[in-house]
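Using the sequences provided together with the hints, build the complete structure.
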Amino acid sequence: MEEAELGNEIVEISMQVNGVSVVLRTPANRTLLSILREDLRLTGAKEGCGIGECGACTVLMNGKAVNACMVLAPKADGARITTIEGLGDEARLHPLQEAFVKHGAVQCGFCTPGMILSAKALLDENPNPTRLEIREGISGNLCRCTGYQQIVDAIEEVAARKQGEES
Amino acid sequence: MSYPAFRYTAPRTTREVVETLRIAKEKGIRANVLAGGTDLMPQLREGTTTPEVVVDISRIPVLKRIERMGNEIRIGAMVTHAELVTSELVREYAGVLSEAAKMVGSPQIRNLGTLGGNVVNASPAADTIPALVILEAKLVLKGPEGERILSVTDFFTAPYQTVIEADELLTDIVVPLPPPSGRAVFLKLARRKAVAIARMNLACMLYYDRQKETFEWVRLCVGSSTPRPVRMTEAEKALIGKPFSTEVLQEAGRAAAEQMVQLSGLRSSTAYKKPVVGDLVMRAVRMAVEKG
Amino acid sequence: MITNVVGKRIQRIGIQQKVTGKTKFAADLDIPGALTLRVYRSPVAHGIVRKIDTKKAEAIEGVVRIFTAKDIPGKNLYGIINRDQTVLADSKVRFIGDPIALIAAENEKSAEQALKALEIEIEELPAVFDPLEALKPDAPRIHEKGNLLFTRKIKRGDVEKGFSASDIILEETYETNMLEHAYIEPESGIAYREKEGRITILVTTQNPHADQAQLAAILGIGPENVRVIQTETGGGFGGKLDMSVQPFLALAAYYLDRPVRMTYSREESFQATAKRHPLKIRMKTGATREGKLMAVNAEIIADTGAYGSYGIAVATRAAVHATGPYEVPNVAIESKAVYTNNNWSGAMRGFGVPQIAVAHESQMDKLADSLGLDPISIRMANAFKVGSVTPTGQTLRASVGIRETLKKIRPYYEKFSREIQETQHPLPQGVKLGVGVASMWYGIGNTGHPNPSSAQVEIDETGKITLLTGAADIGQGSDTVLLQIAAEVLGVGTEEILLVRADTGLTTDAGATSASRQTYISGRAVYEAATKAKEALLKKAAEIFNAPSSLIVCDGGYFYPQYREYQKIPFGEVAKRAVQADGVIRGEGTFNPETSSLDPETGQGIPYTTYAFATQVSLVRVDSVTGQVSVIRAASAHDVGKAVNPSNVEGQIFSGVAMGIGMGLFEQFFPNKTKSFDTYLIPTALDVPEVTPIIVEDPEPTGPFGAKGVGEPALIPTAPAILNAIHQATGRWVNRLPADLETIRGLVPPEEK
Ligand code: FES
Ligand code: FES
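Going line by line, the protein sequences match chains A, B and C.
Numbers 9 to 175, taken from our numbering, label the letters of the first sequence in order.
Numbers 40 to 331, taken from our numbering, label the letters of the second sequence in order.
Numbers 381 to 1133, taken from our numbering, label the letters of the third sequence in order.
Quick caveat, the hints were computed from the structure, so don't treat them as lab data.
Each hint should be verified, as a subset may be incorrect.
[Unchecked claim] Calculated lysine-lysine pairs in the DSS-like style (CA-CA distance at most 30 Å, straight line):
(1) K141/B to K1133/C
(2) K110/A to K919/C
(3) K170/A to K141/B
(4) K496/C to K1053/C
(5) K313/B to K1133/C
(6) K66/B to K141/B
(7) K535/C to K765/C
(8) K795/C to K844/C
(9) K110/A to K844/C
(10) K141/B to K812/C
(11) K388/C to K812/C
(12) K450/C to K313/B
(13) K533/C to K435/C
(14) K313/B to K1053/C
(15) K110/A to K956/C
(16) K388/C to K435/C
(17) K1133/C to K276/B
(18) K812/C to K330/B
(19) K402/C to K170/A
(20) K844/C to K956/C
(21) K956/C to K232/B
(22) K281/B to K1133/C
(23) K672/C to K535/C
(24) K812/C to K313/B
(25) K232/B to K812/C
(26) K66/B to K472/C
(27) K489/C to K64/B
(28) K496/C to K472/C
(29) K1055/C to K141/B
(30) K435/C to K170/A
(31) K1053/C to K141/B
(32) K812/C to K72/A
(33) K388/C to K110/A
(34) K516/C to K533/C
(35) K103/B to K72/A
(36) K72/A to K472/C
(37) K232/B to K535/C
(38) K956/C to K516/C
(39) K72/A to K141/B
On a predicted model such as this, the values are computed, not experimentally measured, just so you know.
Dropping the structure here:
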């Protein structure tokens, strides 16, 4: 009885990943990022640092942007996870993906999946951000290539388009 | 990079958490409480923390509430920084805590990191702690013997050191409603504008009576400058009962700088921090007064 | 020239895959059964490895093999310019992080246990961390030949005479910071032995063909037995020019019948790979009362750390560019690269030029300040023009756009200055605003060395066009630009050309993706290849139309005789007929810009055929109380010859400004202290201002459609412009990077705050 309260090394996790139910058994000492990349082969989320500093591993957990490298795998039990693979594909790009393409907001592309997911979380919460708010919204995503400006342009355009649709 | 193996448990009640911690303590097993994970995860990677048991407290609903109870706001330990930023209650009655939470890390970190985690981790640079200090917050610790409540300033003993016992859980942060006359300011100074550890942060709340032209009361706390968070009492004294003037501000700044040096001794960073503390105190007080 | 594809904002190749997360970087590749590799690295800065006992580590379950220096079949010495670096230490270790043993294991966990179980004894030697100390005769000797790696001298005219003819002489010292490239993708690769025995390595790299040659030497096999395929590369900035995981992958694949993989953690990437050379610069500048430069004398010391890497190139570039883009009749420069026991320094965006620009641009503003000139006028008074002679004695013949960039920046300089004057709301106490200008020049390609590129354009009987290039696109966009050039020549769209790139098994050497050379040099090679392929088709079309080939038009995917568009025949049809008659069409293009080696005593020669030029202005807010500096606005004008893809050029400009802000204000790598992104801060979106990019096109006759390069130039003027703006704001000069909180706080005395 007492031992049981101290838990197990192996845990069962069930979650919704990009709308698909996933159940897996895994050692508890892993990150959500490694589950996504290694077990589910969803390699859109990247490891750039593993300590929550770069944002390359950003995914949406229950609609909120989080660093997947900072989420202990069992914490994701019961969660809804959206990765870049769940956003859109080449045939049907998400408006943010389309805008990133249009504005050339991508160079090497390593930061891009995380950047787009942060942008999505931002726009879901604040559909009409200023450029400064956009910069705040992506401030947890380091990009060494682009200098961010074309990224801000892309996100701003999607926001403006959304506004247009609503009014 | 692999993390050391450990057992994992996610109790549903605070009582179960405490029970688990108690058993671990009794058996001499290293147990770590996992809140948002933003401090623990990097420590696991670095190998500076090697738990045998990880107790995840994210499945306990009561730890996530923010409630007004009479003259207090009760904030569960698992409330995230992002929730502090958006909570109407916190913004209205403890705005300075909202401001401080907004300065933590990045949007992603704010979605994960919790107030309780920030407090228990006890980093001298933690952004929310100076805010809690000037709000005169109290911490509720639950242990096998029941609850104890301490003031936030009594909680910390040294950088990353607190009085919490291995079998205790921080359940709530209780913020007494500050007098409505108070005007608060939070300043953060870092090398970069986001995702940066504070080189210094400062929370200030005061009431300046314009009729009487005097500071009626002042609460000041400067983070990342003293071994444990304290009120800058000397600077507060230098202001209370005085009018708003450059000389008075300078005196308060000087007092704050001296108190900092007295508490932390001379370090390589003192050359920078000493004058900056003084100037920042002056700036914050001025900003608070200008808020009307 | 009217162009249809070149000069257009063509969508970046592969961008759809990048935004959908489909792009596979090396760490994303799925290789079933691959072993994991880990390296044991020296915990001491200088020492002799006395004992390596692998027994205990080898006994750990899951450990497959442990390699040490004695396992290296070929030469255990590599390096891109001078070979001085060991794959695994054979006796000496020279910095904290020097590799000693390589572990191949079934999984991460076993590899980590083995790392801990290795018994390695190192006799520690005295170490030296300061290049000036390292030059002293009694300093610890890091390499056999001594601690001085290289000296570059440039002498022209008579500096003493120049100084006597000067009305004002300024002598100053500058120090720049050690920087980390901080590409977001850490090093990663996989390797396996093919059935026929060839070792194939898929790896993130800027330099596939050089990797191949170096790996063949390490393995002691012919280059044909090594195939390097560049994987999608998540940024490089010079840091992926040197090999990282490649030798380890190659060595393990050579011995083991299993695929192997290796990915650096961020911590290992920081510890193990090159840094930007910190420079100490003493610069003496003489000018007339009117601001005309008369003489520049400079001494430069570059800390190359434990290994040479690109140290020679950095010392040379810093010397060659030391005057800035200005006419100076009398020049004496001496530049040294010195070994220390710090992390080794290598190539990083600009090879020494961003560092030296801090000196020459500060000198320009100091002169202007003393002489009462405005910063643009003093630069204009000295700026190169066609016919100017550079410090290496080269006469600039064309494409000298520096003056145009100054002209384009002047309105922004005035606008920003006006904004300061018109600022309505009072600034908090101690906060000041300032505007700063800086210019730069940058030679495209390797310095005084041949640096050829080659490419092929193939057309098969279906009309399918294939462009083969060895150039590695590391995110900057060379794939797109090279396709645009080929498409323009062939009169088709980029989407009609298949690209095969950066695979030593399929493509020929295009040289490194460095020195801003791919658009200019590989671009020209592609231009040549496409032109040759087109000529073959024109010949066939001429036959078909029975008209001279000079009168055949190739455009929009069709061929037709001039003025008879109604007769047009599709490109594919002509191709089919041509291939049926003569076999597959293959246009071979090469280009090697004219250079000559620099004289060892005087540095006279032709280091580059062409140069890029730029001027930048920034508006900066200085908080003298906290020491925080923020760049509020910037405009940057770049003479790129021709912008093959303006979006890409602008992207480079934004990128350069961002990186320059980090360099100028807060980036600094402390050997053995800086471990990851928590302490090495690079700019976030909030640290970077809105930037106005300005493209100047002064065509380079030898470049494809007039193009030069922009990758590195984008960075170079940023940090000096910030320093000059800080001066304008505070009246104080900063001679040492970064201009961090402490520096700025200490700059302004309390009474001025
Ligand atoms: S990999 Fe998760 S934040 Fe960098
Ligand atoms: S595009 Fe390379 S890091 Fe952002």
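Enumerated hints in conflict with the structure, sorted upward: Checked against the structure, the hints that fail are numbers 2, 6, 8, 11, 12, 13, 15, 16, 21, 26, 30, 32, 36, 37, 38, while the rest are satisfied.
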